[in-house]
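Use the sequences and the hints to build the structure in full.
Going by full-length UniProt numbering, 108 is the number at position 108 of the sequence shown; the sequence numbering is gapless.
Hint data in this document are derived by calculation from the structure and do not stem from the laboratory.
Cross-link-like lysine-lysine pairs, in silico, DSS-like; alpha carbons within 25 Å at most:
| # | residue 1 | residue 2 |
| --- | --- | --- |
| 1 | 90 | 80 |
| 2 | 102 | 80 |
| 3 | 90 | 102 |
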Amino acid sequence: MQGAVIIRQSAVSEAPARPRLTLADWTSLPEDEPGELVDGVLAEEEVPDAVHEVVVAWVVGVLRSWLIARGGLVLGSEAKFAVTSSSGRKPDASAYLPGSRKPPRRGVIRVPPDIMVEVLSPSPRDARRDRVEKLHEYALFGVRWYWLIDPQAATLDLLELGADGRYVHARAAADGVVSGVPGLEGLTLDLDALWSEVERLGPESGEAPLGEQRSG
1 MQGAVIIRQS AVSEAPARPR LTLADWTSLP EDEPGELVDG VLAEEEVPDA VHEVVVAWVV
61 GVLRSWLIAR GGLVLGSEAK FAVTSSSGRK PDASAYLPGS RKPPRRGVIR VPPDIMVEVL
121 SPSPRDARRD RVEKLHEYAL FGVRWYWLID PQAATLDLLE LGADGRYVHA RAAADGVVSG
181 VPGLEGLTLD LDALWSEVER LGPESGEAPL GEQRSG
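As structure tokens, this is what we get:
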């Protein structure tokens, strides 16, 4: 007589669904809980590397040097924008031109800036987010100029919102001095200076042997 074979099916545990948030919920999150709001769900942010931070600091500095004296405004990477009714984004930098309607002092920002800037990361997923998802959202939000900077390819793309509500390429460059920046007549972007700053960074990896960490 053959013994009965008992097959026990283990219960498959499902990951709990992420709670849905409103824009107000997202705005009130503590600083130690970073992320962007995508269709009501908090999406984790990638930790920026030193290359990313050098480029962002350069962009903010260039924009501030041109805009502030003229009555414009430049915001950093923690500003929260309600780009749709259920999505909120935190661009790497944003700017309001002189004479434009300015954002409120506190709370989520519903006033589209004239310029939004994103610095692409090496991650294909994050690059797609900036080139596809945010491209669509920023157009719907009404951002007139969208700057995309790719440190890996050493390129700058300046996109302008067309009459049909879609972005078109206004300028593209990889090196040299870019003059005639759309919307910022008189501003020049010295890309050689930018890439030179990036080259001042150390080796590709920050990990060093323990002995080297102790030395010096």
